[in-house]
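Colleague: In order, the protein sequences belong to chains H, R, B and G. Here the first sequence is numbered in this note's numbering, starting from 5 and rising by one per residue. Here the second sequence is numbered in this note's numbering, starting from 26 and rising by one per residue. Here the third sequence is numbered in this note's numbering, starting from 1243 and rising by one per residue. Here the fourth sequence is numbered in this note's numbering, starting from 27 and rising by one per residue.
Misleading hints may appear alongside valid ones.
Using 20 Å as the maximum straight-line C-alpha spacing, the simulated EDC-like pairs for lysine to aspartate or glutamate come out as follows [unchecked claim]:
(1) R:K540 <-> R:D526
(2) G:K127 <-> H:D215
(3) R:K105 <-> R:E351
(4) R:K141 <-> H:E53
(5) G:K318 <-> G:D274
(6) R:K540 <-> R:D230
(7) R:K170 <-> H:E53
(8) R:K301 <-> R:E129
(9) R:K368 <-> R:E380
(10) R:K500 <-> R:E380
(11) G:K127 <-> G:E145
(12) G:K127 <-> G:D141
(13) R:K141 <-> R:D122
(14) G:K476 <-> B:E1402
(15) R:K429 <-> H:E53
Keep in mind the hints are simulated off the structure, nothing from the lab.
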Amino acid sequence: MGWARFLLRRLAGTVVVVLVLSVGVFGLLYLAPGSIQQTLLGTRPATAETIAAIQARYHLNDPVTVQYLRWFGGVLHGDLGTSIRTGVPVADMLGQRLPLTLALTGYGTLLAALAGLPLGVLGALRRGRATDRLVVTAGVVGLSAPPFAVGLLLLVVFALGLGWFPVYGTGEGFGGSLWHLTLPAAALAAGAAGMLVRFSRAALVRELEQDYVVFARARGLSGPVVLGYAMRNSLVPVLTAAGLIVTGMLAGTVLVEVTFALPGLGSLLVDSVTFKDVPVVQALALLLTLLIAAVNLLVDVGYSLVDPRVRLGGGVS
Amino acid sequence: AVLPAFLAACGSAGDTPAAPGQSGLDVLRVALPSSIGTLDAAKEAGIMNYVVALLVQEALVGVGQDGSLQPSLAESWTRKDAKTYVYELRSGVTFSDGSALTAEDVVASLGLHARKGSTTAFAYAYANVDTIEATGPAQVTITLKSPDASFAWTPSPGTLLVTSAKFIEATGERIGTPEGRLLGTGPYKVAEFAPDSHVTLERNDAWWGGKAPFRQIKIDFIPEESTRLLAMRGDSVDVALNVPAEQIDQWQTIPDVQLKTAGDRSLVTLAFNTAKKPWNDVHVRRAVAHAVDREGIVKSVLRGHGQVAATIPDPAQWGGALTAGEVTGLYATIPQYGFDLAKAKAELAQSATPEGFSDVLTYPSSGPQLGRAALTLAENLKGLGITLEVKEVPLEQWIADLGKHGSGIYLGWYFATTGDPAEYVQQLLHGSAVGQNGTNIAEYDNDEVTGLLDRAKSSTDDAARAKLLGEALVKAAADVPYQPLWWGESATAFGKGVTADGFGPYFFVGPWAAKVAAR
Amino acid sequence: MPLGVVPALAVLVAVGVAAAFAPWLVPGATAQDLMTGITGPGPGHPLGTDDLGRDVLHLLVAGARTAVPGALAVAAGSMLIGNLVGLAAGYFGGWVDTVAMRWADLMFSLPALLVAIVVAGVLGGGYALAIAVLVVLFAPTDTRVVRGAALEQRHRPYVEAALLKNLSSWRIMTRHIWPNIASVSLAGAFVNFAYALVSLSSLSFLGLGVPAGSPDWGRTLADNRTQLLANPWAVIAPGLAIIATAAALNVVGDWLHERVDRRGRAR
Amino acid sequence: MLRAQGLTVGQPASGRTLLSDVSFEVAPGESVAIVGESGSGKSLTVRALLGLLPAGLEQSGQVVIDGQRVDDDPRALRRLRGGTVSLLMQDPFTLLNPLRKAGRQIADGLPADADPKSEVPRLLAEVGLAAEVAGRYPFQLSGGMRQRVGLAAALAAAPRILVADEPTTALDATTQREVLALIRGVQRARDMTFLLITHDLRLAFSMCDRVVVMYAGRIMEVGPAGALREEQRHPYTRALLAAEPPADRRLAVIPAVPGSVPAHDAVAGRCGFADRCAHAVAECRAGTPTLKPAPTPLGSAPTGPAAPGYGGRLSACVLAGELPAAPPPPPGVTAPVRAPAAPVLDVRDLRKTYPGTTRPALAGVGLTVAPGEIVAVVGESGSGKTTLARCVTGLERPDAGTILLGGADCSDYAGMSRQAVRQARRTAQMIFQDPYSTLNPARTVGATLKEALVADGRPADVGGLLELVGLDPALAALRPANLSGGERQRVAIARAVAGEPRLLVCDEPVSALDVSVQAQVLTLLAGLRERLSMGLLFITHDLAVVRQLADRLYVLRAGECVESGQVDQVLDDPGHAYTRELLASVPDGAGGWPG
Ligand SMILES: Nc1ncnc2c1ncn2[C@@H]1O[C@H](COP(=O)(O)OP(=O)(O)OP(=O)(O)O)[C@@H](O)[C@H]1O
Ligand SMILES: Nc1ncnc2c1ncn2[C@@H]1O[C@H](COP(=O)(O)OP(=O)(O)OP(=O)(O)O)[C@@H](O)[C@H]1O
Ligand SMILES: [Mg+2]
Ligand SMILES: [Mg+2]
C-alpha cells in the first residue's frame, strides 16, 4: 500500500473534515443571534452612519456565501484574516496562544501517563486484590471528575491551603512555567489518567490471560520478560486511549483555562465564539481539527510501530 | 519559533512577589475582572478598556472628584456661543514618545470619531459636530450643528482620548493592538500587551502631571473571580478592581487588604417595552414595579454595596449642576413604586391580564448580580401569576437583544461615560431614540417628556437645564417605562502594600494609578 | 457482583429517587432567602446556604432533577441513533456501512465538548440545545460499538441460518441480532450517561447549559465558586455529587461490560 | 520424575470444583498420555502441575517434580520451569507472542550462558525449520510452522520433562501427523520424559507407554498403552474407544453413548459415567468410586500391587473386576448401493476467489448429489470446503460456474426473484460446524424452531420436530446456554429440516463435538436421510466419519477436486497421493504411528 498512499488518504480525509467544519461553523456564526456591530458598540448609542460604516467595513451586508468565499479565498492564500475583536492578525493571535495550550496539553498528557500507566499496570498485576480495587476506584473517580471541579479543588487545596503552587499566571522561564502550569495540567490530567488506568489495566489483564503469556511462563521466562511481552501487546489499546485523551484534553483545556485564567486557545475560543469573531473561530476550528488529525496520525504511526501486522500488512490472527 | 513565543506568552503574568516595603513598590500588580481584547477604548465596549487607557491617554478635559469638569490637556475652555467651544491647550505637554502635543494632534484625535464614516464607538458623541479646527498652535475650536449643552462633556475621557497625528497616520487600524498599542500623554506608556492576558505599562517620566509612583504596572485580566480572590490571598496582586459585591465579605477577610467602595455611577434598571403587550399596560408595569424588592436586593445581592435607585441618573452625576441638597430635594419629588406585593396584586387585577402571563428576562453572563436580582423578582412574580423565565445570555447577545427592542422586559445596565446628568436621561427617555438600535429600550415616546428634554439640550444655563431634566424625570416616572433598581457601587481591593487617596466615584476617570501609593 | 457495584447502585438509586421525587422531597428548594444570604453549615442547613439563601442540601437534591434527565436523554438518544445506524451498518455492510462510518469518523475528529461549547455558545445556550448537540456528538460512539458487535454477529451461523430461512432483514436485525448486542450497547450507554452528565455540567459551568437559577449541579457550582471562602460546601457538594454520580454510572457500566465479556468468553 | 497426588482444582468464587483427586506419576524417560473428552480437565491438570492455573482458580494436593515438592513452593517451581519441565500448548495461533520475531522468542528461553546466534538456528533445525524463520513474525508462519517454533521455544532451556497439551488439534490432519512425529522423534532423541494430553485414545496408544483416562474432572482408568488397547477395565474407556469410528471399514451401526459429558459437580458423589453406562448398578451412584488396582475380570491374572505404581492397571469402576469381556470389534459391512436418480444438486465448474486474496478458494469444482444420497467432501483446512457449502446455499456468491438446485439455477441469489429465492431456500438448508454459535443465544429453542416452521410454512409443531431429532419436547423452553453441544447440534438439525428440504448441507457438523456424542449426531443424520429422503452434502476432514456415513466422496485440495468416487472404492484404493496422505494421517492406535 505504501506510506505515500496512506498519507494522501489521511490528508484527503482531513481536508474534507476541515471543509465541512468550516462551512458548519461559518453558517452557525451567521445564524447566531447578536451582531458584530452591536457588540462593537455595546450599549452606547450609535448613529445610523456609524452602523452603516461598520457593516461596510466588515462586509456584513454581503450574502453569506460571499462572506464565506472571501474568508476561504484568504485562507487559500495563507491569510487567516484579522480578528474583529482585537484587530490583530488571527495568525498572530493563534501563534501567541498555541504554545500555552500545547504546553498545557503536553504537560497534562505527561502527568496523565506518569500517573495512569503505572497505576494501570499495578492494578492488572494485583488483579482482584485490594490494591487493584483502589486503583480501579481512583481511575473511575478521575474519569468521572470534570476538569473544572478538579481545578477548583486543586486550587483550594494546593494553592490556597498548602500554598505549594501559585494561584494563577503562566510564570516566567521554563521552571516558572512548569511550576505555574502544574495545577492546571493536573486538573486536565485527572480525567485522562483515569482513562489510561482503565484502558491499560483492562488491556494488560486481557494480555496476561493470553496463551502466549502462559506459554512464556511455562518455558521458564523470567517475570520481567513475560511482563514485557504482555505490556508490548497491550500497547495498541493504550495508544487508542492516548488518541482519545489528547482530543479530550484539547476540549478540557477550555474549562481549565477558564478556571485558572490562562490565555490559551480554549479561552480564546470561548471569547471569540460569544463575540462572533468569525475569523478567529474559523481559524481555531481549523487549527484544532488539524491538531486532532495530527494526533490521530501519530496514533496510527504508533500502531504500525508497535504492531508488525499493521506494518507488514498481515492478517490479525 | 515556538519557544520564544511561548516565553513571550507566558512571560509576564503577575506573580513575581515584588516584595512590598522594599523602598516602596516598584511594580504595581493590578488584576482586572474581565479580559480586554484591544487597548483602544473606542473599539471595544467594556469599561476596563478605560481603566487601562486612562493611564496612558488623556482628554481635553478631565473630571474632578465632585463630578465637575476640570482642566486636563486643555488648560481652559469657553463656550463662545451656544454652538461653539474653544479649547486652549496646556503648554509643555509631550507624548510619551517625546513629541510635543499640538493642536493638530487634538484635531486628528477628534477626527477619528468625528469624520464621516467613522466606525469608532465614540462616533455617536460627535454626530452633532460641524467643524473641528486648530485655530492656533495651542487652540482648538469645535462648532456644532445645533446647540447641545451636553457636548461640554464630549472631550472628556468618556469619549475622547488624545493621541498624536503622527501616530494615527503611522498606526492606522492597528491602534490598540499588541503591535500598534497606544500613544498618549499620560503617566504611563504601554510596554507590552497580550490580548485577553495582560498588559504591562512603563512609567512615562515626562508626564506633565509629575512623576508617577510606580516604575511599572502589570495588569492581568482574571475573569475568574474565585481565582482573583485566591490571587489576592496569595499576595500575587496589589490592586483588584470591581470586586463583585457578593464576594466582598470574603475579600474583607483577607488580612491587611483594604476594600474601598464608592458609587460608580452605574445604573441597573428594569425596562418595560411600552410598545409591546402586555407591557404596554401601565398597570402591568406598576404591578411589576411594586413586586421588586429593591431594598432587599441591595442588601443581599449587593451586600449593601449599592444604592436603591430612585430614578435614572446617579446623584453623583449632577456634580456640575446641582448641590447634593438640591438633588435630594429633586429626587424626593419623583414618584416611587416601593416593594408591596398587595399593591402589585391590585395593579395587576386592574390590568388587561389580571391572571398573569409569562415572559423571558435575559441578563448578561458578565453580570451575575443582575441575574440574582432578576431571580428574586421572578420569585416574587410567581405569587402574582406572572411567570418570568430568567435567562443568562452572553454579553454580546444581551447587547444585541437590547438593540432589537424585541422583548417585553429588559434589564438595562449602564455605565456613565461622563459626569453629565443628562447622559442617560436623554438616551433612555427621548422619543427620538425609539426603534431598532435606539437607546430608548422602553420605546417610551411621550411628547411632553421629549419636549422637556429638547429644551434642556439647548439650554446654556446649568440650573435651568437641571430643572428641565428633573421635570422630565418626574413626568416619565408616572408612566413607569423604567423601574430603576440600583446605582452601583464598585469596590476596589488594595493589597497589603498599597493604598489610595481620594477614592470616589470618579477615581478611575483619570490617571488613577498616580493616586495609588505604597503603604 | 464486584464490591464497588453495590455502593454505586446505591448512589444511583439515591440520585434516581432524588430526581424523581425532588418536588415532594424538598418542596421549594429554589425558594430564596435573600436576607440570610450565604452561610456556612449550621443548624437547619447542614451544608449551609448559597448566595440567594437557598439551602445547599435542598439544592443538591433538587439538582438531581435537572442533572439526571438531561444526561439520561443524551445517553438514551445517542443509544437509539447508535443502535439503528450501527445495526444497519453492521448488518448491511457495503455503502450503508461506508457512509455511517465516514460520518462517525468525521464526528470522531471533533472534540465533543468543544463543539458543544461552540454551538451552545453561538446559539446562546439552552438546555435542550445542549442535549441535542450532545446526542449528535455521542451517537457515533454508540454507532461504532453497535456496528462492531453487529458485524461480529452478522456471520454467526445463527444469523445465516435465519437468512436461509428467508426471514426479512428487519426481523433478523431486530429479533435476532439486536437482543444479543443490546447488553453491549447498554453498558456503553451507562458510560455515555456518565460522560453526558459531566459534559452537561461543564456546559452549565460555562453558563451554556441550564437556565440561571436552576438547581443544576454544574450551575450551582459555577454560581457559588465566587463564594469559595464563605461556604466551600456550596461548591464542594455539587462537585462531589457530579463526581459520585458519574463514577457510579461508570462503575455500573464497567460491571455490565465485564459481564457481557464474560458471557462472551463462556461461549 | 513427575507425580501428582490428590490434585484438586476449584473456583472459590463460585464454589465449583473442576478437578478432584487426580493422582498419577510419570517415570523418567517414560511417555504418558492423559486422554479425555473436551472439558474433562486435562488442561487444568497440566496447568496445576506447572502452577499456571488461570486467575481465580485454586489448587490443592501434592505435586512433585524431579523429586522436589513444588505445590507449596512457587519459587522452586518457577526455577524448574524451562530447564526441568516445559510445556507445549494447544493452539499454535495463540501460543506465540504476536509482536516478537520467532527467533527472539526462542532466544528468550535460552539459558543465560547460551549464544543465541548459534543456538536458535540449531533449535530451528531440530524442529525441521530453516534458520531464516527466526527473522519472521508469527503471523508470517503457517500453523504447523508456529507449532514447530513453539516446540523449539519449549526446548530452548533443554527441559527433561516435556508436557504437550493437545499440540496438534488445531492443525490439519496431515500437518498433525508431521508435528506429532517430530515431537515423538525429539522426545526419543533427547530422552525426555513426556506427558501428552490428547482427546484421541488411538493417538495416545500410538504415542505413549502409558495412558491415563479422564472424565468429568476425575481419573477413570490408568494402564499401559498396549494392555489398555487390548482390554479396558472401565466402561467409559471402552465406550470412548468404540465411539471413535475406524477409517478402514464401515460399521453397520456406529456405537453411540447416550447422553453427554457432564460437569464435575453435576456428578458429585457418584461415578461420573454412571448415567451413560450400560453396566451401571446402584453402587455406582452410592459414592465416588476410587481409583484402585483393577483385577482381571476372569481372575486369570494376579491382582496388581496394592499401591498404584508403574505397570499397574488402575480403574475407578466399582465393577472393574466383573466387567464382561469387551465384545470383539464388529466386522465391516459394505455400503448399500443406491439406484441412480436425477440430482437434487448439480454444481459445475464453481469458481470463487475472495476479494483481497490471490489464491482461489474454489478453482473449478463440480459435483452432484442425488436425493437420499450422502456425498462427502473432504480436504484439509483451507481447501475450500466451507466456501463450497456457502456458495451452494447462497451465503456466498460464486465468481463463475453453475449451481442447480432441484433443476433451478441458483448461481446468483442476488439476481433471483423473491419467489425463486424462497424456493431455493426450501430446497437447500445447512447446518454449521460450531454448535455454540449455531443457535441464537437470546431465543429459546422453542422460539427458534417455531420461527423456522412458520418460515417454511409448516404447522408450528415444535414438540414433534424435537422428537424427530430425538430430543425431549420439554427442551423447547430452554435457551441454548442450557444445552450440551450435542443437543444444540440436534436443535440446529431440527431447524434445518423443519421444512423437509431436499438437500441438507452439513459443514463439519460433528468436528466440534465429543466423540461420545459425535456418534449420536451421525446416527441421527443417517436416519433422517432415510426418513426424509434428503440428499446430504457432508463436509468433513475426518475420513473415518466419511467411511461410516457417506455413499460417495469428493477429495478437495486447494480449491480443486483431486479425486472422487464411491467411498469404499476410494478409501480402500486411493488413486491420488493426496488421498493416501490423508488416510495415513488417521491414527490407527498401533505403536508405529505416526512414524
Ligand atoms: N478459568 C476457568 N475458570 C472456570 N472454569 C474453568 C476455567 N478453565 C477451565 N474451566 C472448566 O474446567 C473444566 C475442565 O477444563 P479443561 O480446560 O481442563 O478441559 P480439557 O480437558 O483441557 O478440555 P479441552 O479438550 O476442551 O481442552 C471445564 O468444564 C471448563 O469449563
Ligand atoms: N471471508 C473470506 N475472505 C477471504 N478469504 C477467505 C474467506 N473465507 C475463506 N477464505 C479463504 O479461502 C480459502 C478456503 O477457505 P474455506 O473456509 O472454504 O476452507 P475449508 O476447507 O472450509 O477450511 P477449514 O477446514 O479450515 O474449515 C482459504 O484459503 C481461506 O483462507
Ligand atoms: Mg484443554
Ligand atoms: Mg470450513
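Colleague: Of all the hints numbered above, which does this structure not satisfy? Sort the numbers upward.
Modeller: Per hint list: 3, 5, 8, 10, 13 violated.
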